[in-house]
Structure formats: C-alpha cells, structure tokens
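J.: Now for the letters of each chain:
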Amino acid sequence: MSEKTANMKVVEGSYAVAHAVMRCRPDVISAYPITPQTHIVENLSQMVADGELDSEFLTVDSEFSALSVLVGSSAMGARSYSSTTSQGLALMYEVLYNVSGMRLPVVMNVANRAMGAPLNIWNDQQDAIGARDVGWLQIYVEDVQEAVDATLQAYKIAEDPAIRMPVMVCMDGFVLTHVYEPVHLLDQELCDQFLPPFRPADVLDPAHPKTFGAFADPSTYTEFRYQQFEAQLKSQDLIEKVAREFEQTFGRYYGGLLDGYHLDDAEVVLVTLGSVVGTIKDAIDAMRAEGKKVGLLKVRSYRPFPVQALRKALKNAAVIAVLEKDVAIGGEAGLVTDLKAAFYNSSTRTPIIGFTGGLGGRDITVRDIRKIVARAEAARKGIESEFEFLDLRTEIL
Amino acid sequence: MEKSLLAPGHRACAGCAMPTTIKLVLDSAGPNTIVVSPTGCLEVTTTPFPESAWCVPWIHSLFENASAVASGVAVMLKRQKKDTNVIVIGGDGSTFDIGMGSNSGMFERGHKVLYVCYDNEAYMNTGVQRSGSTPFCVHTTTTPSGSQSQGNPRPKKDMPAIALAHRVPYVATASVAYPVDLRKKVKKALQVDGPSYIQVNAPCITGWTFDAGTMIELARLAVETGLWPLLEYENGELTSVKKIRMQKPAAEYLKLQGRYKHLFKKAGCAGVLDQIQAMADANIAKYNLVD
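As they're listed, the protein sequences go chains A and B. According to this note's numbering, the first sequence is numbered sequentially starting from 10. According to this note's numbering, the second sequence is numbered sequentially starting from 97.
I should point out that these hints are in silico values taken from the structure, not numbers from a laboratory. Accuracy of the hints is not assured; some may be wrong.
Said to hold, decoys possible - Simulated coverage check for chain A against chain B, where a stretch passes if three residues somewhere in it have a Cβ under 8 Å from a Cβ of chain B:
| id | region |
| --- | --- |
| 1 | 67–73 |
| 2 | 101–113 |
| 3 | 220–228 |
To be verified - A partial selection of chain B residues facing chain A, derived with a Cβ cut-off under 7 Å:
| id | residue |
| --- | --- |
| 4 | 124 |
| 5 | 128 |
| 6 | 143 |
| 7 | 148 |
| 8 | 158 |
| 9 | 288 |
| 10 | 352 |
Cβ atoms here follow ideal geometry from the backbone N, Cα and C, with glycine treated the same way.
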C-alpha cells in the first residue's frame, strides 16, 4: 500500500492533530483545558498514559503557565508543544512575545475561537489575528488533513537553524477540531525521515553556561527585533520548500504560502483564511457552471505575510473580495488591511473590498458567498462600501 | 577562596543584600546548577546585554512565570536523567504577588526546584512600591505615610505558610546576616526530592534607607528582635529555629530605617510601635526563640 491509501481512518480532527503531534516526538507537552482545544491535549495525555507517546506531559495552572513551561523546556533543547484557543491565547500574550523574542521554536495548534465579551465558545479567528504581531509564524489550514500535515511541517520550519521561530497552526475551532473526517494518519518512519531530531546550538547547560533572556537597552533592542523580522521574511522560502519536501515524502501539497482555486482566469477573486475555503470552493463550482469567472486565493501563511506572492497571485484579478472571521474594531480587519497595504505601492489598482463574517460561530453559507461575489462585481464599477459585516441581523440591533 | 559563580561587575547598589545572598546561594549549590529568575532588580543588574554576571546557565522570561519556566527546565533534566540543581531566585514581588499562580503550580506538581526569594519587602526595581511582603506600617511610594496614613495598613503575607499548605517538603526562612545558616539550608533544600522554598531577608538600601555599611547589622537586628525568625520546616514539621540570645527591642531595628522614620516623628505613633513590638513578641512565643 502506498502512503496515499495506507492509514486512512475516519477520526475526529483533534485526534488526528494529536496523532500528528505524537509523530513529531515532542519531549515536553504542557497545556490547560479550554474549549474547543481540549480534545487535542486529552488525546495526547491518553497517548502518554498508554505508553504510545514518550513525552513529559505537564498539567498546569493556566495557559500562561502552559506556555511558560515551554520557555524552560525549549531552552533546554526539548521539542515543545502546546495548544490553546481564544481566552487562553490571550492569557499567553506576554509569553508569546517572549518565546519568539528568545527564538524558541515552539509549535502550538490554535483551535480558533471567538473572544469574549460576550462569552462565546464558537469559531472565528479573532484570537489568532489579534496575535498577528507577536513574532510567531501563523499557518491557517483548510481541513483536518491539512491541520495534520501542517503540524509536522511547522516543526521543520520552526526548528530550521536559519529561522528559529515559533509557529502557530491555526485551525477553526469545532469546524475542524470536532469534525470526523477520513484522514491519512502520519507514518512514524516517514515522519522521522522528514523531521530530524531537535538539536539546537544554544541550550541551558552547566558545562557551557549561557545567559538567556538578558535585557537589551536602546543600543541593541532594535537589532533583536530586526533579526526576528528578517527571520520571518526569510521563512517564506522555507515554508514553500518544506511544503514541497512534504509533497515528495507524503504526496500531498496545499500550496506553501498561498493556494489558488480557479485563479488563472478569475475576474472576481475571493481571498480568505481557514476552513471557509471548503464552502467557497463549492460556491465557485456552482458559479463556474453558470459561467461566472470566480476564483479563490487561500492565504496559508498569514505571518509571514507574503506580499510578493500575493501581488503575483492576484495580478490578473479585476476585483478582490476578502472574507475573514475577525474584525479590527475601529479599523477594518486583519487580512483586508494587510492586503490593501500589500498593493498600495504596486502598479496594480484592483478594487479591494472586505467582509467580516462567521463571527462567534455563525455559519457562512454558499448564499453568503454569492452575495459577496455580487458585491464584488458591483465594486468593479465603483466601490460603494469598502468593508462590511456579512449577514448582519439588523432586526435585532 | 574559589571564584564566585556570580561575577563582580554587576550593577546592584552598594549596600544591597541581594548579590551577597545570591553568591551564598550559588556557592552552596555549585556549578552544576541552572538558575531561573523573574524580572526584577536581580535580572536588570546582572544581565545588561551583551554582559552577564552569571557563571552558571541562567534564564529570565517574565515577571510572573519563573516557577513555570523552572518546571520546564526540571522536567527536561529529569527526562535526560541529569542531576542538575534548578534554582529560582526571585524577589518578593514575583514570589508573593504576581507569580503566585505559577509558584502554586510548580509546588503542587512537585518539581525538584529550589525557590529562593530574596525578600526586600517591596517592589524595589520600580521604585519602592508596596508588595504583599511589605510589613505593617512601612512607608512605600504607594503606601506613603501622611496625615491620614501610617504607611502600609496590612501585615506581611505569610508566604512560607502558603508553601507549607502545598506540602512543600522543605521550607525555611534565612537571613543574609547568617551566612552559615543560609548555606546549610540551601544544601539541605537541594537534597530534597521535590520542591523547596527558602525566604531570605535581604535589606534594600534604597527602599529601606539605611547607611550602606550597616546592611548586615540591620538584617541581624531583624532576627534578634524576633521580627524575622529563622525557621526550618521538613515535611511540614517545624524542625529547627535559630535561638536568640537576648531579644532586642523592635524599635532598635525600626529606627535605623528611613521606611519607618514617620513612626518616630509623628505624634500618636506609640500605639503602632507597640503593635509591631507585639508582633515580634508573638514570634518569640510562637517559635520559642528565647531560652
């Protein structure tokens, strides 16, 4: 049997991701329960309890401590893992900057969920988009298989000696964490071939005492930040390279930084992140059958934000509509703002309009996608509204 | 004498008890040690990049997570089957207040980590603000004395009792003025297969305001008055106390410090001084400090 057909099982998304994490052979896992992430770490702790996975599993007092434990373990040279969501990610905020600032290649799955208040446990992407500037790479996935594969890829990217940056693999909460899908579970031998053991050059070792986490005054602080900035830019090539290496080993490819669907001749291009890609593809199939030239660009890597790749991929679009599950209150939203900035100094003058939708778990339907496309077509003649809330229930306002 | 594991050239104030305390701790622990420190005076005075005073591996992450970071270090050492000491060295702000959740988690999980708190009884690095460790009636910049105030209105938080409530198998108080006792306690703590906690009285010259040459004398007076009893708990039992030959009046300790000077200048503070004396007397009685 080839890897394409071997090990295909119908499993819950969280189990599939936990299985992928196990295949990465993490030394230390530290996590705190929060819906809808919990099933991932429950599965991992069961794997440890059953002796399937040889990892140190720490149950801690908060998400803040969960990630802090990994600062210590990663500095010791441990391959380190956690997963979280929403309020948990927000509670980690300080530590997120610390992990990236100390160049510790921690990998974390973020089961994207809305932020309170009002309290809401359902999916949107406000949590991770709100943490876009913390120095972590952010990969957004479309389905469970991609979540599995991106988790393995994430360690290879994070631990590359030229990069040494933490990575968040962002997967829509419930939509991907709780769905049962047929998945190719990863083969251990192939994973070991793909991902070498983590052997960082700098570790806490009494034989070679080093100082980690010194303070930097104005004469050096900027250069620390610049090096992180540069590493993120450099990681663009690596993300693409790792995606191709993964394809060679496992036979699956999702695009590196971006992925397109009916993009080549598309006049209206939708740009988005995450699992809504599936719905959009269905809508595009239907609209293509009606003769509408609609295409999709999936942004896989939101950080680093692949400006050049985006300009290239979208150069033939007549109009661009961005759909995202976050809102920058008082501004617009993360992806649309970044995308407009990416085009401002280019020769392309394509109209770009933005939609926030799916907030707090509201469904985004094929009808919604058709509505966005209609709005985009109208915008070709002149933009009426640059940014709007999709499917707003004005009757309860 | 062997070279200290905390190199000279750090930027702590002259007369600060912190570096002396750290040297005693490190030299008792030896070079096979990894130190984790929270944000604070210790971190900023010893690690201005690209310099470092640390001759052992040292890591600082944040103000409130040193115990969690140390947990990560300790589990990896365990995984590697290495017998290396893990010591958290932090001030009272991170220990008593902002790091409490992280400390509680580390204690409760039972990691083999020695936590040393150099306790100077306020947030000194930010300019002498009150912490949960600040004693009764101390003047700080956020509990100033004034016409309506005699300084900090509450007594010091009992952190050793909190450690004991977590069943931390070794808990002790110590003082920079009693180096033999401190070294002995560090060595003992490092033998424990689990967490341990040592709280060291460490006067701060800028926060307490005293003459630099009197730092050790001041710390000794804290013990001799009964205000800072030197205690040792093993597996939850009080196993040793440092006896006092002759109890000194609390006022003798207080009057040497700027942080208490309002008590001697303002009218109507006699009652407060009596209350502080009563606290010292209660310690003497409770721990049977005077034979």
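J.: Using Cβ atoms only, decide whether residue 148 of chain B comes closer than 7 Å to chain A, and label the hint accordingly.
T.: Cβ of residue 148 of chain B sits 4 Å from chain A, so the hint holds.
J.: Are three or more residues of the region 101–113 of chain A within 8 Å, CB to CB, of chain B?
T.: Since three or more residues must qualify, the claim that chain B covers the region 101–113 of chain A holds, with 4 doing so at under 8 Å.
J.: With chain A as the partner, please determine if residue 124 of chain B meets the hint condition of a C-beta pair closer than 7 Å.
T.: violated, 15 Å
J.: Classify the hint on residue 352 of chain B as holds or violated, based on whether any CB of chain A lies nearer than 7 Å to its CB.
T.: violated, 33 Å
J.: Next item in the hint list is residue 158 of chain B. Is there a CB on chain A closer than 7 Å to its CB?
T.: holds, 6 Å
J.: Given as covered by chain B, does the region 67–73 of chain A meet the bar of three residues or more with CB within less than 8 Å?
T.: holds (count 6)
J.: Interface hint check: residue 143 of chain B, Cβ to nearest Cβ on chain A, cutoff 7 Å. Holds or violated?
T.: Check passed: Cβ of residue 143 of chain B comes within 4 Å of chain A, closer than 7 Å.
J.: Does the CB of residue 128 of chain B sit less than 7 Å away from some CB of chain A?
T.: holds, 5 Å
J.: Taking a Cβ-Cβ distance under 8 Å as contact, does the region 220–228 of chain A have three or more residues in contact with chain B?
T.: With 7 residues close enough to chain B, the hint holds.
J.: Against chain A, with CB atoms and a cut of 7 Å, does the hint on residue 288 of chain B hold up?
T.: violated, 20 Å
Checked against the numbered hints above, the structure breaks hints 4, 9 and 10 and satisfies the rest.
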